[in-house]
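We have chain A already, so just place chain B on it with the hints.
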Amino acid sequence: MKSITKILQSNNLLSIFLTAGFPTVERTIEILTEIEEYGVDFVELGMPFSDPLADGETIQQSSVTAIRNGMTLANYFEVLKIVREKTDLPIVYMGYLNQIMQYGAETFCKKCIELDIQNLIIPDLPIEVYEKEYKSLFEKHDLLISFLITPTTPEERIRKIDEMTTGFIYVVSSSSITGKKRKITKKQQKHYEKIKAMKLSKPTMIGFGIYNKETYEFACQYANGAIIGSEFIRYVAKENAAQFLTSLKA
Amino acid sequence: MSFTTDQNGYYGNYGGAYIPEMLHQNIQQLQDNYQEIISHPSFQKEYKTLLQDYAGRPSSLYFATRLSDKYGCKIYLKREDLNHTGSHKINNALGQILVAKHMGKKRIIAETGAGQHGVATATVCALMDLECVVYMGALDVKRQSPNVARMKMLGAKVVTAHSGSQTLKDATNEAIRDWINNPEDTYYLIGSVVGPHPYPDMVAKFQSIISEELQEQLMDKEATTDPHRILACIGGGSNAAGIFYHYLDNKKVQLIAAEAAGKGIDSGESAATSILGRDGIIHGSKTLLMQTPDGQITEPYSISAGLDYPGIGPLHAHLIKEKRLDVYPITDIEALEAAMELTSLEGIIPALESAHALGILPKLESKKNEIIVISLSGRGDKDMEAYQKYFKYAKKHPHEDLEKSFLFVP
Numbered sequence: 000m001k002s003i004t005k006i007l008q009s010n011n012l013l014s015i016f017l018t019a020g021f022p023t024v025e026r027t028i029e030i031l032t033e034i035e036e037y038g039v040d041f042v043e044l045g046m047p048f049s050d051p052l053a054d055g056e057t058i059q060q061s062s063v064t065a066i067r068n069g070m071t072l073a074n075y076f077e078v079l080k081i082v083r084e085k086t087d088l089p090i091v092y093m094g095y096l097n098q099i100m101q102y103g104a105e106t107f108c109k110k111c112i113e114l115d116i117q118n119l120i121i122p123d124l125p126i127e128v129y130e131k132e133y134k135s136l137f138e139k140h141d142l143l144i145s146f147l148i149t150p151t152t153p154e155e156r157i158r159k160i161d162e163m164t165t166g167f168i169y170v171v172s173s174s175s176i177t178g179k180k181r182k183i184t185k186k187q188q189k190h191y192e193k194i195k196a197m198k199l200s201k202p203t204m205i206g207f208g209i210y211n212k213e214t215y216e217f218a219c220q221y222a223n224g225a226i227i228g229s230e231f232i233r234y235v236a237k238e239n240a241a242q243f244l245t246s247l248k249a
Numbered sequence: 000m001s002f003t004t005d006q007n008g009y010y011g012n013y014g015g016a017y018i019p020e021m022l023h024q025n026i027q028q029l030q031d032n033y034q035e036i037i038s039h040p041s042f043q044k045e046y047k048t049l050l051q052d053y054a055g056r057p058s059s060l061y062f063a064t065r066l067s068d069k070y071g072c073k074i075y076l077k078r079e080d081l082n083h084t085g086s087h088k089i090n091n092a093l094g095q096i097l098v099a100k101h102m103g104k105k106r107i108i109a110e111t112g113a114g115q116h117g118v119a120t121a122t123v124c125a126l127m128d129l130e131c132v133v134y135m136g137a138l139d140v141k142r143q144s145p146n147v148a149r150m151k152m153l154g155a156k157v158v159t160a161h162s163g164s165q166t167l168k169d170a171t172n173e174a175i176r177d178w179i180n181n182p183e184d185t186y187y188l189i190g191s192v193v194g195p196h197p198y199p200d201m202v203a204k205f206q207s208i209i210s211e212e213l214q215e216q217l218m219d220k221e222a223t224t225d226p227h228r229i230l231a232c233i234g235g236g237s238n239a240a241g242i243f244y245h246y247l248d249n250k251k252v253q254l255i256a257a258e259a260a261g262k263g264i265d266s267g268e269s270a271a272t273s274i275l276g277r278d279g280i281i282h283g284s285k286t287l288l289m290q291t292p293d294g295q296i297t298e299p300y301s302i303s304a305g306l307d308y309p310g311i312g313p314l315h316a317h318l319i320k321e322k323r324l325d326v327y328p329i330t331d332i333e334a335l336e337a338a339m340e341l342t343s344l345e346g347i348i349p350a351l352e353s354a355h356a357l358g359i360l361p362k363l364e365s366k367k368n369e370i371i372v373i374s375l376s377g378r379g380d381k382d383m384e385a386y387q388k389y390f391k392y393a394k395k396h397p398h399e400d401l402e403k404s405f406l407f408v409p
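In order, the protein sequence lines correspond to chains A and B. Each residue of the first sequence is one higher than the last, beginning at 0 in numbering that gives the first Met the number 0. Each residue of the second sequence is one higher than the last, beginning at 0 in numbering that gives the first Met the number 0.
Don't read these hints as lab results, they were simulated from the structure. Don't take each hint at face value.
Claimed, not checked - In silico DMTMM-like cross-links for lysine to aspartate or glutamate, where the CA-CA straight-line distance does not exceed 20 Å: (1) A:Lys109 / B:Asp265; (2) A:Lys180 / B:Asp177; (3) A:Lys131 / A:Asp87; (4) B:Lys362 / B:Asp265.
Bound-form chain A, shown alone (with noise of 0.2 Å):
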């Protein structure tokens, strides 16, 4: 078991977001097993749901894919019990809230912690509705949980985020939904910028928009690290998620 607290205190940490599922159950195990050798840090593993209001077209397809190709929650948590014969890669779970309440939230988290998940992202559970109902139970269970900030968030809101995070930050780059390609603007790195200056209790991790080396590097100036989504499941679907990882260290 690696300690993925200890691991976010290190730098230009690069992390893969995939979905459970995505392009076959086989796939992602395979992936899984396979993915640390491309120096990849940690992985968020994403629940598919069919209505995922945060993501753009790349990560609802494969989504719409993986609930094709049968994944549920408790297949999910099948997956992980293969994987976790084979790697004690660090792996986040990604994934909306009303899954987690249909499985059973002391459940959920049980299985959780048998299968080695450390952190959750929570992408429709803000911090308000976290504190009322989830922190007590969370924290019972030793489950990290990291939360999203974005450029429209104000500077009192991201040191209250701060202070409820108790694993990463989750910096999202721009304001917009998750697999928008494009260079990284003035904007982009004042936001960057300031948040790096704000000097947050907790390690932070750049997302949303990074696909390349580029980006990831860029990213990585201001951050714990990087998360790479929608352009790894493109390369995942051409089948060549490989060459797209070692191009990224190269």
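Just chain B now, with coordinates in the frame of chain A:
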């Protein structure tokens, strides 16, 4: 028992704001300001003037003589179909466009199912000279094409949503994504009592003009503010919220809603949320929701694009839980029959959505001498294709039970 929201936007257990952080600033800004904006006298004056002079309110309360004779009770129709743009949706669109203007927003986005809210939004945007983008599911673009043409003529951009079941749910997803991408200048003008707080409360307040008028009009005609029962259809539930609003705490008045049973509750093709739904989260709100055991949102079905939604507004979920609201599932065929009945008895062609509310009438027991008010939420021009298909088939096959027919596909 209270039927209004608490400060966090909950009706009992339902409601709230389960939103990604990207929407937080916009939602927070609305939450902090909407009550003050809409209760300000100058706002109310402008809003009421527009309702009267532009939308044509008050909408009439019509005593439906022949329909009443048939069912042996006094049936009144609250004629929201007579509003400008042809449905109750204009009440909310006018209110929210004034909120958007007040907040200095330049670009308006909306979702639409049947196209009634899309048309209402495109209309108020033309009126206020604001850019308008309407999201509509691909299936709905096809089956409600007259409304697509209207929106375009009104200057709106209609964006087709191809994801999921290509209906209202998916149009709403796309509108929310647009808002995430355009947080600065854009206002999301939601058409129903759904979505994160404060939308359900704000939309209900703008639609409450319906029951406000009803109380007065009924007093004139029947010397009482209270009917025995009020009937309305529910997709998200905005016309129902509006016509129930001033009666929520008045237990003497029975509130009844029709939801779309599509091809039958057990057919796997329906939108009967109160029967098939469980607590869950959809479009930023905790409510009753049709979903798989695993928490994937189910793709609903109804002949009526406006009722083809897998959730209901949190207010209605709360009313159902507290047993304040009775819900009747009405099938496609029952709605079509009810539409034909109203047309032939009263010369009024209702929207398919409103036809579901009319479909409750044959199912009510012991209604002798009762006063029943039905929300006639919209007119049926947009549904002529579905109606023609139905009555052509029914004429040719007068003895066939269409409910069991394999040949007739509504």
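Here is what the structure says about each hint:
At most 20 Å may separate the alpha-carbon atoms for a hinted pair to count; Lys109 of chain A and Asp265 of chain B exceed this at roughly 35 Å. With a C-alpha separation of about 16 Å, the suggested pairing of Lys180 of chain A with Asp177 of chain B holds against the 20 Å cut-off. A hinted pair counts as satisfied when its Cα atoms are at most 20 Å apart, and Lys131 of chain A with Asp87 of chain A does not qualify at roughly 32 Å. For a cut-off of 20 Å, the pair hint linking Lys362 of chain B to Asp265 of chain B stands: about 19 Å separates their Cα positions.
Violated hints, in rising order: 1 and 3; the structure is consistent with all others.
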